[in-house]
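Enquirer: Take a look at the letters that make up each chain.
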Amino acid sequence: DAGVIQSPRHEVTEMGQEVTLRCKPISGHNSLFWYRQTMMRGLELLIYFNNNVPIDDSGMPEDRFSAKMPNASFSTLKIQPSEPRDSAVYFCASSPDAGGYTFGSGTRLTVV
Amino acid sequence: QKEVEQNSGPLSVPEGAIASLNCTYSDRGSQSFFWYRQYSGKSPELIMFIYSNGDKEDGRFTAQLNKASQYVSLLIRDSQPSDSATYLCAVIANAGKSTFGDGTTLTVKP
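Chains A and B are the protein sequences, given in the same order.
Under this note's numbering, think of the first position of the first sequence as 1, with each following residue one higher.
Under this note's numbering, think of the first position of the second sequence as 113, with each following residue one higher.
Some clues are possibly wrong.
[What the hints assert, rightly or not] Once the Cα atoms are required to be at most 30 Å apart in a straight line, the calculated DSSO-like pairs of lysine-lysine come out as:
hint, chain 1, residue 1, chain 2, residue 2
1, B, Lys154, A, Lys78
2, B, Lys179, B, Lys209
3, A, Lys24, B, Lys209
4, B, Lys154, A, Lys24
5, B, Lys168, B, Lys179
6, B, Lys154, A, Lys68
7, B, Lys221, B, Lys154
8, B, Lys168, B, Lys209
9, B, Lys221, B, Lys168
10, B, Lys209, B, Lys154
11, A, Lys78, B, Lys209
12, B, Lys114, A, Lys78
13, B, Lys168, B, Lys114
14, A, Lys78, A, Lys68
15, B, Lys209, A, Lys68
[Claimed, not checked] Chain B is faced by these chain A residues, among others (derived, beta-carbon under 8 Å):
hint, residue
16, Pro70
17, Ala72
18, Ala98
19, Gly100
By construction, these hints were calculated from the structure, which means they are not laboratory data.
Positions of the beta carbon are idealized from the N, C-alpha and C atoms, including for glycine.
Just chain B, with the same shape it has in the complex (with noise of 0.2 Å):
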């Protein structure tokens, strides 16, 4: 089992819909969880980051965590074709290394 799972994907939605990235973790002991954004040929790019259960909003993007289930998600409303992308999903269990999932491509299509 990997450390970190998400959804190969590739996702696509219409342009206006709710975009739903999921992830899971295995360690229990894991503290910190973050989003990044990759658009094609570029660097990843911290977008969130969520440190404890519930949510956290920040403009269109939601993120989720649920330390139980063991599973942090991304919501994004209003999807723009901008928002076309690989999403990693990132997990500190250990301080100051974050362990990366192998990303979910987003196609949003107009």
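Same shape as in the complex, but just chain A (with noise of 0.2 Å):
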């Protein structure tokens, strides 16, 4: 398996524009993952779904942040509008019930 898949790696956008981030989960994985890591925060986690329903969303800082699964292999979290506050690495993970993550190798975004 190619691990936790991630696009893209950078993303540099400025204020106000709308930003997709994308994740492939591990086959077989049941439950996914959002994390968002910042030196001063460490890391948060932002929703979690599992069997692609989305069990806890109370990290999700504002109405402009929204994430979908619309089938196991697939997951987005887009940010509209962006603000220079929502520039971090946010991070992708999955896992088997109650196992450990496997974490993607993360989107560096920085909005100007």
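Dock the two chains into a complex; use the hints.
Expert: This is the structure:
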């Protein structure tokens, strides 16, 4: 398996633009997680899905953030409109039930 | 009180020494415990997991769990400069969702 695949690896965008981050989890893993990591706040859980259903989105900072998982092999995290304070590394991770996570390589987002 | 607490570090040890990383958690119902290693600029990587009280060894790494004290640790024997990284403790209390500590940065000096 190629592991968790995220795209793009880097994204630089202007404030106010829409940003879409993509993730392909490991086949057979039924849980998918979106995290954001910054120096100041560490690793923050944004949302997690189990069997494609959003279970906990309490970490989504505000309505500008949305996430979807239309099938077991694909998820998106969208920010619209983006703001400079959204600049961070965004990780997608997948796991089997109650197991350890496999993280993707992350997307480094810079909003200018 | 944070749900998962780690010594913030940084922790510095000489090459060949034992590095000891500690983690405490607040939820007594926690069932699964994980250690991740994160190199600078990289994503976290799972290196150890433990579910039962006691020790679990994997090569130079030993995870220790004491549920009565709500304490989990990671020992790295014969530390190498390549072990220099941030180590994240994670705990699953509710099925499927891990809570992460803030991490301890380890530096192994040659």
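Enquirer: If a hint holds in the structure, say so; if it does not, say that too.
Expert: Going through the hints against the structure:
1. A C-alpha spacing of about 22 Å is found between lysine 154 of chain B and lysine 78 of chain A, which places the hinted pair at or below 30 Å, so the restraint holds.
2. About 19 Å separates the Cα atoms of lysine 179 of chain B and lysine 209 of chain B, which keeps this hinted pair within 30 Å; it holds.
3. The hinted pair formed by lysine 24 of chain A and lysine 209 of chain B meets the criterion: a straight-line CA distance of about 19 Å does not exceed 30 Å.
4. About 18 Å separates the Cα atoms of lysine 154 of chain B and lysine 24 of chain A, which keeps this hinted pair within 30 Å; it holds.
5. Between the alpha carbons of lysine 168 of chain B and lysine 179 of chain B the distance comes to roughly 14 Å, so the proposed pair stays at or under 30 Å and holds.
6. For a cut-off of 30 Å, the pair hint linking lysine 154 of chain B to lysine 68 of chain A stands: about 25 Å separates their Cα positions.
7. The straight-line distance between the Cα atoms of lysine 221 of chain B and lysine 154 of chain B is roughly 21 Å, inside the 30 Å bound, and the hint therefore holds.
8. Restraint check for lysine 168 of chain B and lysine 209 of chain B: satisfied, since their Cα atoms lie roughly 22 Å apart, inside the 30 Å limit.
9. At most 30 Å may separate the alpha-carbon atoms for a hinted pair to count; lysine 221 of chain B and lysine 168 of chain B meet this at roughly 26 Å.
10. Simply put, lysine 209 of chain B and lysine 154 of chain B have alpha-carbon atoms about 22 Å apart, close enough for the 30 Å limit, and the pair holds.
11. The suggested pairing of lysine 78 of chain A with lysine 209 of chain B holds, with an alpha-carbon distance near 21 Å, which does not exceed 30 Å.
12. Our distance criterion of 30 Å between C-alpha atoms is met by lysine 114 of chain B and lysine 78 of chain A, whose separation comes to about 29 Å.
13. Of the pairs offered as hints, the one joining lysine 168 of chain B and lysine 114 of chain B holds, with about 26 Å between alpha carbons and a cut-off of 30 Å not exceeded.
14. For the suggested pair lysine 78 of chain A and lysine 68 of chain A, the alpha carbons sit about 9 Å apart, so the restraint of at most 30 Å is met.
15. A distance of roughly 18 Å separates the Cα atoms of lysine 209 of chain B and lysine 68 of chain A; the hinted pair therefore holds under the 30 Å criterion.
16. This hint is violated: proline 70 of chain A has a C-beta 20 Å from the nearest C-beta of chain B, more than the 8 Å allowed.
17. At its closest, the beta carbon of alanine 72 of chain A sits 15 Å from a beta carbon of chain B; the interface hint therefore is violated under the 8 Å criterion.
18. Annotation: alanine 98 of chain A was flagged as interfacial toward chain B, and the flag holds, the nearest CB pair being 5 Å apart, inside 8 Å.
19. Residue-level restraint check for glycine 100 of chain A holds (minimum Cβ-Cβ distance to chain B is 4 Å; threshold 8 Å).
Checked against the numbered hints given earlier, this structure breaks hints 16, 17; the rest are met.
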